Structure formats: C-alpha cells, structure tokens
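S.K.: Just so you know, the sequences run in chain order Y and X.
Note that numbering that gives the first Met the number 0 has the first sequence beginning at 0, numbered continuously upward.
Note that numbering that gives the first Met the number 0 has the second sequence beginning at 0, numbered continuously upward.
What the hints contain is simulated information worked out from the structure, not anything from laboratory work.
Incorrect hints may have been included.
No distinction is drawn between identical chains; accordingly, a pair holds when it is met within one copy or between any pair of copies.
[Claimed, not checked] Dumping the calculated DSS-like pairs for lysine-lysine here, alpha-carbon to alpha-carbon at most 30 Å:
no., residue 1, residue 2
1, 414, 106
2, 414, 363
3, 106, 418
4, 10, 418
5, 363, 106
6, 151, 363
7, 414, 151
8, 151, 418
The structure displayed is predicted, hence computed values, not measured ones.
Given next are the chains, with one letter for each unit.
Protein chains: 2
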Amino acid sequence: MGTVISTCQTKLPPHLLDTAHAERMTPERLAARIAAGTVVVPQNILRRDTSHITPPAIGEGCRIKVNVNIGTSASRCDPDFEYQKACAALDNGADAIMDLSTAGDLKSIRASVRSLDTTLGTVPIYEAVRRAGNIADLDADLLFSVIREHCKEGVDFLTLHCGVNLEVLESLRSDPRTMGVVSRGGVFHTALMITTGLENPLWSEFDYLLEILAEYEVTLSLGDGMRPGCHDDATRHAKTVEYLNLGRLAGRSLEAGVQRMIEGPGHIPPDQVGYNVSMMKELSRNAPLYLLGPLVTDIGAGYDHVVGAIGAVMACAHGADFLCMVSPSEHLALPDITDIIEGTRVFALAAHIGDLYRNLPDAKEREMEMGLARSTLDWERQFSCALFPEIARSIHSRDDAEDTCSMCGDLCAIKMLQKVL
Amino acid sequence: MGTVISTCQTKLPPHLLDTAHAERMTPERLAARIAAGTVVVPQNILRRDTSHITPPAIGEGCRIKVNVNIGTSASRCDPDFEYQKACAALDNGADAIMDLSTAGDLKSIRASVRSLDTTLGTVPIYEAVRRAGNIADLDADLLFSVIREHCKEGVDFLTLHCGVNLEVLESLRSDPRTMGVVSRGGVFHTALMITTGLENPLWSEFDYLLEILAEYEVTLSLGDGMRPGCHDDATRHAKTVEYLNLGRLAGRSLEAGVQRMIEGPGHIPPDQVGYNVSMMKELSRNAPLYLLGPLVTDIGAGYDHVVGAIGAVMACAHGADFLCMVSPSEHLALPDITDIIEGTRVFALAAHIGDLYRNLPDAKEREMEMGLARSTLDWERQFSCALFPEIARSIHSRDDAEDTCSMCGDLCAIKMLQKVL
Chain Y
0 MGTVISTCQT
10 KLPPHLLDTA
20 HAERMTPERL
30 AARIAAGTVV
40 VPQNILRRDT
50 SHITPPAIGE
60 GCRIKVNVNI
70 GTSASRCDPD
80 FEYQKACAAL
90 DNGADAIMDL
100 STAGDLKSIR
110 ASVRSLDTTL
120 GTVPIYEAVR
130 RAGNIADLDA
140 DLLFSVIREH
150 CKEGVDFLTL
160 HCGVNLEVLE
170 SLRSDPRTMG
180 VVSRGGVFHT
190 ALMITTGLEN
200 PLWSEFDYLL
210 EILAEYEVTL
220 SLGDGMRPGC
230 HDDATRHAKT
240 VEYLNLGRLA
250 GRSLEAGVQR
260 MIEGPGHIPP
270 DQVGYNVSMM
280 KELSRNAPLY
290 LLGPLVTDIG
300 AGYDHVVGAI
310 GAVMACAHGA
320 DFLCMVSPSE
330 HLALPDITDI
340 IEGTRVFALA
350 AHIGDLYRNL
360 PDAKEREMEM
370 GLARSTLDWE
380 RQFSCALFPE
390 IARSIHSRDD
400 AEDTCSMCGD
410 LCAIKMLQKV
420 L
Chain X
0 MGTVISTCQT
10 KLPPHLLDTA
20 HAERMTPERL
30 AARIAAGTVV
40 VPQNILRRDT
50 SHITPPAIGE
60 GCRIKVNVNI
70 GTSASRCDPD
80 FEYQKACAAL
90 DNGADAIMDL
100 STAGDLKSIR
110 ASVRSLDTTL
120 GTVPIYEAVR
130 RAGNIADLDA
140 DLLFSVIREH
150 CKEGVDFLTL
160 HCGVNLEVLE
170 SLRSDPRTMG
180 VVSRGGVFHT
190 ALMITTGLEN
200 PLWSEFDYLL
210 EILAEYEVTL
220 SLGDGMRPGC
230 HDDATRHAKT
240 VEYLNLGRLA
250 GRSLEAGVQR
260 MIEGPGHIPP
270 DQVGYNVSMM
280 KELSRNAPLY
290 LLGPLVTDIG
300 AGYDHVVGAI
310 GAVMACAHGA
320 DFLCMVSPSE
330 HLALPDITDI
340 IEGTRVFALA
350 AHIGDLYRNL
360 PDAKEREMEM
370 GLARSTLDWE
380 RQFSCALFPE
390 IARSIHSRDD
400 AEDTCSMCGD
410 LCAIKMLQKV
420 L
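Chain Y with its partners taken away, still in its complex shape (with noise of 0.2 Å):
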C-alpha cells in the first residue's frame, strides 16, 4: 500500500520519470518533494500501464494545473454532449477532468471520459446518494463501496468531504451563515449528520478509505465542504474549523502513503483571498492546493469564468497549486461548450501568471520570447508563442496593416523608433 510515497523517498518510480521531465524537475527533487506530501501526481494504479499520458505533478515548484469540471445534471443530461465538453477543455489547455454527473448511466459517461486518456476526477458521494434513493437512506457501506467501485474502474483522483464532522456542524450553527451550505457533497454529509445524529463516515472511518485509496494509489482531494457561498460567509467559523479538520486529515494520509491534496474556497473578498490561502497552506505542512475560483466578486454573473481568473491569480500568490475552472455560466447554468472554452482559456491564462510567481523557467522564457518577437514585428514569431496562436493570428488578419497592426499603422511605435534610431 501507498507505494508511490512508501518507495519514492529517495528514488523517483520510473513511471514517474516523464512527469520530472515535463516539470523541469530531476527524479531526485520531485521524489523528495512527493514524499513530503507538497506535490502529488494522481493517477491510479490500474492506469499506470494503459494510459499513454504523462500523468501530472501538482504542487511546490510544479506548472499551476486547471481542472474542468464537466458532468450531466437532471435538468440537462446528455452524456454525448458532456464528452463533447470534456474533449472542448482538453483542447484549451485542460490539465484534468472531473466528472460530476449526476443524472444517466453514470459508469458509462466515466468510462467514455476515461477513454480520453485524460487524468480523471470524480465525487463518489453523488452516485451513492442517487443510488440511496434518499439522502437519510445513504450508509457508510455504499458509499465505500461505491468509494471502491471508482477506484476499480481506474479514477485517478476523488473528492471527498472528509472534513465535514459534526463539529463543523456545530460551528455551522453557532456562527450562521447567510447561504449555509452550498457544496453539494458538504450538503450531503451535513444532512446526514443532521438525519442520523452520527459522526460522519468518512471523518470517523478515514482509515479505513486511506486503504482502499492506497491499494489503488488513488489521490485524495480533501473536499471543501464548508465552501462559502458568498463573501458575507467568507471566513466564518464553519471553514475554518474544517481548514483545520483538512489539516490534521492531510497530515494522517501522509503517515499513510496516500497522496492528497487539499481543496479550497469558494467565493472570497479579495482582501481576504491572500491569508485564507496561507492558512490552508500553513496548516496542511505545504500541501498541494485545489481551488475553484476564488470568486472575489459575487455580482459577476455571466462573467465569472473572468472573476474566477482573476481571484485564483491571487490565489497563486500565496501558493494555490490546481485551479478548477469557474465557467461563464456558473451560479445560471449547466455550461455549454462555448462557456467550457472561454472558462478553460482564461483559466489556462491565470496558470501561466501563477507560473510566472514561481519564477518558472519555461513561462519567463516564453515573455522573453514575445518581448523579442515584438520588438521585430515577427507575426509568426508572435503567433508561436502566443497561448492562443489562432485567435491572435485571426485577430491580426482582419485588417491589412502590411507590417504592424491596424492598431496604429504607420504610426506603430516600435516602427518609428526603428527609424529614429
């Protein structure tokens, strides 16, 4: 069990090799970072000789990763369309996908995703309420073994809401939250204490499912369950006693071999963005960090793929790690493949600017390089290095500007230095 940390402290599996490659990382550094628990590369076990990706490293001194989110609801379940999304998010820059289907035949769509050859993510609990019928009705017994089911058909990564106990649900009442609680899976596990009166499972049998996730050496994301839903609710009691909770967690699937990273808020002020980020980095020892967003205004709607991008360039400021994508239909909508574009784009957008805060050789060079291309006015130079080539070269191309752009013609800047000089 947990080989991947178990093996890995002083030399790096070989599987693991590309990834220390593709990080600019020697196998040495990635294996120590990976055994002190501030990098994780998720994927399973069983994907290990099938999959023909470079499985992606997540954390201290690694490129910022983006996740998107795709997954069928009651109101719009068409699994064609969300392979459709997820081969949309792959193509814009996509590091992972997380299905969070909720409607239709649920291991058929996670089996068509799989097919991407993709790194993979999934929320066992919202299979194991659809299959309990009813909330009160779900058991610690499905959902392990729905828990293991996902480990078995080769998910990489799992959220689950480990943090949520009853004395999140006690702070939750004695420090009251405008909008309670808005994560699903938080919803799930805080009905169900309130149903049951018991400890949640996940809390109280943590042992147990490090287990199962060893034997599969399956990641596991640390859900944030308490996930403020607006910035009234930002910092409240609720979040940070499961901050807390996610700490203590990390530091036991550590212990244990497990990889983990833990997940983060939600909608935040910005003022408050920087020491929210910290605390969770500060109290998991450096763990890598998954955020949605932060949204940093409540009021963008239509445009919060922008303020989620501008809220997790803050993030990674103080050490965000993988950010998951905030599309433009967020809080109004299941998204559209459009919306899955727009948000991967300037998701992919705020990982580079994350990438420039760590100093990150490939990304400085690639400013330099744009630097330089300007200076020219090399088009095709620009185009190249440009994140999204065929958008600036469609842009240019509307007009003819022969060698600068219709911006300023013949009064191009650079064009006239050249000349003075």
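Place chain X on chain Y using the hints.
M.R.: Below, chain X alone, put in the same frame as chain Y:
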C-alpha cells in the same frame, strides 16, 4: 486660474456637489482631497454649464473609474465606427472616453464624441505631429497651440508626456530595453529630443503648460512615455527616472492649482505590480493613478482584456484609481465593437473588485444583496444586483430548471439544505 483647487480648500464648488453625493462623500471631504491633490474631478470649465453629467471623481476613497480608448488609425479610418464604439463603451460601464484618433478630420471626431456628454480625454501630440507632417518639424509653438485648441474645444483631460526628458533619454541609453519605447507619445518626444538635441518643451516649459491648463481648468494626465513594452523592460532605469519626474511635476501642478493624475504602465510581471504602483503613489504624494492594464503576461494576445483586468485588480490593491481598458484586440488590431463591449465589461468588473478593496459601502452592499438573493433562490433579485443583468438572465433562461438552475437541477445545494433544515 486654478479655481477648482484654490477655491475649494475649505468649501466645495457648487458644480461638484453631485460628485460628492455620488461618491457618498461629504462636500468638505471631497474639497479637502481635491485640495490635497489625492482626488481629481476632470471637467473643462467650458463644459460646466452645458454638460449634463456628474463629473467623475478619481482618487482617494472614490469608486474606481474606467476609461475606454477609441480612435481612428491610418489603417482604419471610420469616424462613425469610432462613435459607435464610444457608445458601446458608455453602455457597458465606461466612465470616460479618450479619443486617440490619428486619421480623418480630428476636430470633427472629437466633436462627435463630445456630443455624447461624457468625460473626454485626448493626447494632443498625435495631432501636433500630424500637422507638422514630420516629427523633426514639430516645434514647441505648434504643440502648445494644439494643446490650447483641445482645451478650447472643451476636452476635460489631456495626456501629456511631460516627464520624458533628456535624463530619461540618457537612462534609456545607459540601461537599454528589449522593446525600447512603445508609447507613441513617448516615441514622439524621444525622437524629437534625438533629432533636435533639445529638452522636451513640455518639461522645460512646464509652467507655461500649467497656465494654459489652469485657464480652462483642464486636468493634466501625466503620460507614461516610458511604459515598458514587455516584461523584461519593466522597472528599468528609464521608467524609474520618469516616475521621479512625474512625481516632481505632480507637486508643481498642485502648487499651481492644476488638477493632475499620473499614468502608469504597461507590461509588468505579476510580482512587480505592487511595488511599481506603490512607488508611483509615494513619489507623487498619492496623486490619482491612471493605469493601462497592467498586463501581467505578454503571451495572452486575443485575451489581453482578461490579462489587463487581472493586472488592474492587483494594481487596485495597491492604489490604482482609474483604469484604462485594454481590449481583446490589443497588440493585434484596432478594436471592433465586440472588443470594446467585452473589454469594457471585464474592466467594469475589475473596477468593482477594486472597490471592494476600498471597502466602499455601495460595493459591499451589493455583494451582500447577491448573497441574500442567492440564498432564497430569488432569480429576479439576483439579476437586478448583477453587474450585467441581461447577460445573467439570458444564460439562466437557456434551460428550464424551475426554481433552481440547470447546473445542479434538483440537486441544488441551497434547495436541499432548505429541505433538511
């Protein structure tokens, strides 16, 4: 001369009472801040009795404002099109328009934008160079005469690159930059100094310039002629010398009773935004700060509006007051109407997030209101407090999901929690 500043040290001129009200500031406080030079309210004295707008306050404790540039170029000269772009900008959240036209009947283009009854800015050196025909033939008299004409036409604020002096040129030579000079105004003045060997007349005859501006109560926007054109050029000597120069000129303007703000870069790596903005604020004794972007990556061509919005929010955290919109077509082509709409929206969003850093009551209350609207699944209330109500409504109405949205359908966390509690 200088009546706005000199007469209002204790009492606010009556024409600015609505401005104080709009900013939820007492007239005394606004008067004190204008007198201290930490706030400007650009309005040409000739427009005071004819304009129907409340002139916008820019600076300490004010709502962050957005400017949108429009203007013809030799490659695309269509004044009607530029007029429509100005309308689109104002419809989507712009507080001011700068006309940067360099082709066509410049005076008539300005008149057409002025007819929109919005705060208007220009860059007189563009017209001066065009009239001179050749940069070497531009003399101080022509430049000052164009400046006076723009004042006489009722322009509210003028960008003038007064800080680009021989010392800046020397710094540019001793500490060269990859892209040299990318501000058109900066290039004109640099070229003029190189050609004539003489000092920039806007620097050497700054007192005369102040006399003209004071006569019309026109606000001076101290131009960013050494704006870095790529990340490698940020925070180099030439720009730092210009920061110092602008700080000195800001002090002289204030003494002369002329309202002024400082323009800032440009292309800056994310980790350098904070100290660049803080430096400008400190060196100018907290003059209002007007920023173009900054662009925190150079490789986002096609999405530079998002890059600029991300940089703008960072800059707001450190004191930026006035944001110059960057459009998706920046670096590639003259913006079209869609570019203006998209760019203005994301900058309006950035400005609102900036307002949250300032703890402005209107901005905070709107966030609170959205939380309440969401917690009760009150969709009409959500739309009405969204920044872009019609866009939010249109996305939400895409699918039928009854009282929730199609993202989660019947598994809406808010709805489920309401049931449990």
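S.K.: For every hint, state whether the structure bears it out.
M.R.: Against the structure, the hints:
Taking the shortest Cα distances, residue 414 and residue 106 sit within 30 Å of each other only across copies (26 Å), while inside one copy they are farther apart (59 Å). Taking the shortest alpha-carbon separations for residue 414 and residue 363, only the intra-copy value of 26 Å comes in at or below 30 Å, while the best inter-copy value is 46 Å. For the homomeric pair residue 106 and residue 418, the shortest alpha-carbon distance between copies (29 Å) is at most 30 Å, but the shortest distance inside one copy (65 Å) is not. In the homo-oligomer, the alpha carbons of residue 10 and residue 418 never lie at most 30 Å apart, since the shortest distance is 57 Å inside one protomer and 52 Å across protomers.
Taking the closest pair of Cα atoms, residue 363 and residue 106 never come within 30 Å of each other, the shortest separation being 42 Å inside a single copy and 44 Å across copies. Neither within a single protomer nor between protomers do residue 151 and residue 363 lie at most 30 Å apart by alpha-carbon distance, with minima of 40 Å and 48 Å respectively. Taking identical chains as interchangeable, the C-alpha atoms of residue 414 and residue 151 are never at most 30 Å apart, the minima being 61 Å within one chain and 33 Å between chains. Taking the closest pair of Cα atoms, residue 151 and residue 418 never come within 30 Å of each other, the shortest separation being 67 Å inside a single copy and 34 Å across copies.
When held up to the earlier numbered hints, the structure conflicts with 4, 5, 6, 7 and 8 and fits the remainder.
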